[in-house]
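All chains, please: the whole structure from these sequences, using the hints.
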Amino acid sequence: MGSTRTPSVAIPVDSDASPRKNAPETVTSPLVNGEKSIFRDQVSKDRDRPSQFLSLPKIQNQALLSGLAYCISSCSMILVNKYILSGYGFSAGIFLMLYQNIVSVTIVSTLSLSGAIPTEPLTWKLIKVWLPVNIIFVGMLITSMFSLKHINVAMLTILKNVANVITASGETYFFKKQHDRQVWISLTLMIISAIAGGITDLSFNAIGYTWQILNCFLTASYSLTLRHVMDSAKQATKSGNLNELSMVLLNNILSVPLGIILVLGFNEVEYLFETPLLRMPMFWIVITASGVLGLAISFTSMWFLHQTSATTYSLVGSLNKIPLSIAGILLFKVRTSMENSFSILFGLLAGVFFARAKLLNNSQS
Numbered sequence: 001m002g003s004t005r006t007p008s009v010a011i012p013v014d015s016d017a018s019p020r021k022n023a024p025e026t027v028t029s030p031l032v033n034g035e036k037s038i039f040r041d042q043v044s045k046d047r048d049r050p051s052q053f054l055s056l057p058k059i060q061n062q063a064l065l066s067g068l069a070y071c072i073s074s075c076s077m078i079l080v081n082k083y084i085l086s087g088y089g090f091s092a093g094i095f096l097m098l099y100q101n102i103v104s105v106t107i108v109s110t111l112s113l114s115g116a117i118p119t120e121p122l123t124w125k126l127i128k129v130w131l132p133v134n135i136i137f138v139g140m141l142i143t144s145m146f147s148l149k150h151i152n153v154a155m156l157t158i159l160k161n162v163a164n165v166i167t168a169s170g171e172t173y174f175f176k177k178q179h180d181r182q183v184w185i186s187l188t189l190m191i192i193s194a195i196a197g198g199i200t201d202l203s204f205n206a207i208g209y210t211w212q213i214l215n216c217f218l219t220a221s222y223s224l225t226l227r228h229v230m231d232s233a234k235q236a237t238k239s240g241n242l243n244e245l246s247m248v249l250l251n252n253i254l255s256v257p258l259g260i261i262l263v264l265g266f267n268e269v270e271y272l273f274e275t276p277l278l279r280m281p282m283f284w285i286v287i288t289a290s291g292v293l294g295l296a297i298s299f300t301s302m303w304f305l306h307q308t309s310a311t312t313y314s315l316v317g318s319l320n321k322i323p324l325s326i327a328g329i330l331l332f333k334v335r336t337s338m339e340n341s342f343s344i345l346f347g348l349l350a351g352v353f354f355a356r357a358k359l360l361n362n363s364q365s
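At position 28 of the sequence shown (counting the first as 1) the number is 28 in the UniProt record's numbering, and the numbers step up by one without a gap.
Bear in mind the hints are in silico, worked out from the structure with no lab data behind them.
Because the structure is a prediction, the values reported are computed rather than measured.
All residues carry an ideal CB built from backbone N, CA and C; glycine is no exception.
Heads up, none of these hints are tricks.
Taking CB as the label site, the calculated pair distances span: (1) Ser114 / Ile135: 23 to 33 Å; (2) Pro276 / Asp180: 54 to 64 Å; (3) Ile207 / Val292: 21 to 31 Å; (4) Asn267 / Thr288: 22 to 32 Å; (5) Ile285 / Lys176: 48 to 58 Å; (6) Ile260 / Leu360: 36 to 46 Å; (7) Met282 / Lys238: 42 to 52 Å; (8) Leu349 / Phe273: 41 to 51 Å; (9) Trp284 / Arg181: 45 to 55 Å; (10) Gly87 / Glu274: 13 to 23 Å; (11) Leu331 / Ser232: 41 to 51 Å; (12) Leu349 / Ile135: 29 to 39 Å; (13) Ile285 / Gly115: 27 to 37 Å.
Printed below as a string of structure tokens:
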């Protein structure tokens with residue numbers, strides 16, 4: 001759903017910039033707060049400005065270091081979640097989301113109260129504006145958990161490309177944003193790879209695919225709704241800005257009461273009382289690590305954006321799916337075929353082509 005740096009980690013946000021002009025170039029991890037695309041162009045412009053927080057010692061080769069940190073955290077997040085849901089056989093996906101949100105709120109609030117990072121104070125006016133977006137955000141996280149339990153990581157990565165298709169179509173329909181032929185060709189290739197991958201998937205699971213299709217619609221809805229709400233949200237803050245760390249804190253705080261309601265509504269409480277997993281210290285360490293990794297994606301994404309260009313960031317994000325898919329197949333011993341492997345590779349390359357085409361389209365416009 002991105003975030004940090006080392007020497008200087010502040011993302012100056014231009015309050016006059018229209019968020020609708022910066023449509024999301026890629027949809028990454030389900031737990032990546034898709035908000036980072038809104039700040040991508042602004043970070044590129046403001047990279048040379050002095051940072052406002054987390055001033056750490058100067059480190060050489062920060063672009064490389066931040067890129068590695070971003071790739072490792074984003075890959076690890078999905079793999080750890082998959083291990084929790086499939087390896088441990090944990091069946092309370094909503095509780096897992098809720099616990100990860102609590103971990104994020106605890107860390108960000110502590111850093112904010114200590115003055116290490118700047119966040120906007122929460123007001124009822126801001127909460128009322130943001131609540132519709134947050135409801136979609138929670139649905140996006142929950143459906144991601146449910147689909148990840150039943151689908152292997154490589155196929156999940158390919159199926160997530162469908163969200164790009166829905167988002168691009170929504171941009172054209174709602175915001176009259178024009179995409180060139182290369183963008184639509186790459187989106188068509190994504191659809192073909194997703195269909196081919198599903199047909200050749202030896203571990204096909206209808207429940208998992210259903211949840212993932214729903215997740216794609218929610219992910220696209222979140223990205224599109226975010227652009228519609230951002231202007232109102234900025235006006236609801238005292239500073240007239242809403243940086244990504246404030247969005248992370250806002251999303252996670254509002255997700256906690258919704259998560260509690262859903263845990264009760266889906267009757268996960270009974271399972272939580274019965275499962276022996278919650279009596280295992282190592283299990284708590286793993287799920288706490290998953291919450292830290294979710295936040296680490298935000299910090300490392302912002303750090304990487306601050307150190308490199310939007311083009312490099314988007315392409316690295318697309319290329320990062322290749323080792324993630326390979327790791328998912330090897331670590332979880334996924335049965336696959338030559339046809340399915342080709343479909344996955346085809347989809348990954350289509351994602352890289354899409355990132356490149358979208359960046360070229362944005363630069364021309």
